[in-house]
Amino acid sequence: MTRSGLRKLHEGWRVQVRVIHALMIRELHTRFGRENIGFLWIMVEPLLFAGLVAIMWRFMKGPEEHGIGIIAFVVTGYIPITLFRHGIARSVVVFTANGSLLYHRQIKIIDFIISRFLIEMLGGMMAYVFIASILIYFDEFPIPADIGLLIAGWMVYALFSFSLCLIIAPLSEMSDALEKFIPVTTYIMLPFSGLFTLASWLTPTMRDYLLWSPFVHGMEMMRKGIWGDQITAYYNVWNPIIASAIIAAIGLALCRRVRRTLSVE
Amino acid sequence: MIVCHNICKTYPLGAGHKRVLDNVNFAVERGDRVALLGRNGAGKSTLIKLIGGVEMPTSGQIKRHMSVSWPLGFAGGFQGSLTGYDNARFIARIYQREYSQIRDFVEDFTELGRQLKMPVKTYSSGMRARLAFALSLAIEFECYLIDEIILVGDQNFNRKCHYELLERRRDRTMILASHSTELVRELCNRAVLIHNGQATLYDDVNLAVETYANL
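The listed protein sequences correspond, in order, to chains E and X.
No gaps in the numbering here: position 68 of the first sequence is 68 in the working numbering, and each next residue is one more.
No gaps in the numbering here: position 18 of the second sequence is 18 in the working numbering, and each next residue is one more.
One or more hints might be untrue.
[Stated by the list, open to error] Listed next, the in silico DMTMM-like pairs over lysine to aspartate or glutamate satisfying Cα-Cα at most 20 Å (straight line):
| hint | chain 1 | residue 1 | chain 2 | residue 2 |
| --- | --- | --- | --- | --- |
| 1 | X | 160 | X | 148 |
| 2 | X | 117 | E | 139 |
| 3 | X | 160 | X | 182 |
| 4 | E | 61 | E | 179 |
| 5 | X | 121 | E | 265 |
| 6 | X | 63 | X | 107 |
| 7 | X | 63 | X | 22 |
| 8 | X | 117 | E | 64 |
| 9 | E | 108 | E | 265 |
| 10 | X | 121 | E | 27 |
| 11 | X | 121 | X | 107 |
| 12 | X | 63 | X | 29 |
| 13 | X | 18 | E | 265 |
| 14 | X | 160 | X | 108 |
| 15 | E | 61 | E | 140 |
If you are wondering where the hints come from, they were derived from the structure by calculation, not from laboratory data.
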């Protein structure tokens, strides 16, 4: 009994991997086409955003802040936040947008969120590697002290962003008003994302407040992974993991509920 | 076998609800060719979507003991901005089939030629029908769900469908929603008449068609 159950689970897993792969290719084709640089466009937006903001800060605030290169600091902050904001934006009414694909039973609504989020994540990672390589060449970016910690930080940051997508996608199907609040909410989120400051630059009281935000833990991990001993980082990897687990559980329950009433043309 | 057990489906309508299907029970045996009859808005397409798993019933259960195609109809199943070939590639991927075989069959069956390189949104409804049928025939299902679409084709297409579905796939199950009583009499051995949310199964197609004609 358990063995056949396991086999079923394994088979289901294989089907979902295949479906997500197919959905990602389809999404890349519909969004970027095959003209000029094609799917490489996925990294252009985070690249431009992080690059231009970094240059702006460089001229406004000088080359360094608290002894850290400002260009590298801004880049490490903006690429993750782009992942979060784009991930959320791409999750809004994603079920209705892809409704015609629900004609194929092996495609689950969660696959839509996963495939879109993976594309954003790939784009973000490619942009990260690309811009860091260039900046390292010009000596504007340190060679990461601990790549493992950098990747782990990116992963928990992405995990938390993804769990939020799991909630936003079904909620946006349930209420039209929600869509209007998303841009302003993600904007207000900026200071709580750990983007502008390291926790160690803040007063202890402020730091305690900020460390409630799971984003900050991921961000601190990434920056610790890059600058190593040059900075003091405050993080607890369990904060974003536990927060993600709770939010994802609620999100999955909402998805299940919305699927029952979803009407497909 | 496909079993529908106590199927109810309600849609929101203004402030209230509209019950489109109310406690529908019937079973389709392997090899059955079932016609779904009913007036416009009676719930034929809804029932087909529920059987195909596109939408979920509000309550009740559907058990599928064979592979069931996606509903072949005017809408759904395709991405309009992608080309016919891209859609074929996508279908081949998600149903784990060899793309080259699917492509060859689609080219041969649809006779769309270079149009297959164009986005599906530029297709006429007849061309879409050809593509949808070609893909589902290439994948080979045990049961085909057909929603009206068979009527939009031209003579050549009807002849092909006739051959592929009725001669080569004589053993397959079919659930067909149609207003064409002629087609239903010719193709089907059983019929389900949907009226006021109730579904009645007839083993005598002629009787079902007569009842339907008098609604």
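Okay, the hints, checked on the actual structure:
Using a Cα cut-off of 20 Å, the hinted pair residue 160 of chain X and residue 148 of chain X holds, with the two alpha carbons roughly 16 Å apart. At most 20 Å may separate the alpha-carbon atoms for a hinted pair to count; residue 117 of chain X and residue 139 of chain E exceed this at roughly 48 Å. Simply put, residue 160 of chain X and residue 182 of chain X have alpha-carbon atoms about 18 Å apart, close enough for the 20 Å limit, and the pair holds. Restraint check for residue 61 of chain E and residue 179 of chain E: the C-alpha separation of about 35 Å exceeds 20 Å, so the hint is violated.
Of the pairs offered as hints, the one joining residue 121 of chain X and residue 265 of chain E holds, with about 15 Å between alpha carbons and a cut-off of 20 Å not exceeded. Under the criterion of a C-alpha separation no larger than 20 Å, the hint pairing residue 63 of chain X with residue 107 of chain X is inconsistent with the structure, at around 34 Å. A hinted pair counts as satisfied when its Cα atoms are at most 20 Å apart, and residue 63 of chain X with residue 22 of chain X qualifies at roughly 18 Å. Pair hint residue 117 of chain X plus residue 64 of chain E does not hold up; C-alpha atoms about 54 Å apart against a cutoff of 20 Å.
Of the pairs offered as hints, the one joining residue 108 of chain E and residue 265 of chain E holds, with about 17 Å between alpha carbons and a cut-off of 20 Å not exceeded. Of the supplied pair hints, the one linking residue 121 of chain X and residue 27 of chain E holds, its CA atoms being roughly 16 Å apart against a limit of 20 Å. Simply put, residue 121 of chain X and residue 107 of chain X have alpha-carbon atoms about 18 Å apart, close enough for the 20 Å limit, and the pair holds. For a cut-off of 20 Å, the pair hint linking residue 63 of chain X to residue 29 of chain X stands: about 12 Å separates their Cα positions.
The hinted pair formed by residue 18 of chain X and residue 265 of chain E meets the criterion: a straight-line CA distance of about 17 Å does not exceed 20 Å. The straight-line distance between the Cα atoms of residue 160 of chain X and residue 108 of chain X is roughly 11 Å, inside the 20 Å bound, and the hint therefore holds. For the hint pairing residue 61 of chain E with residue 140 of chain E, the CA-to-CA distance comes to about 15 Å; that is within 20 Å, so the pair holds.
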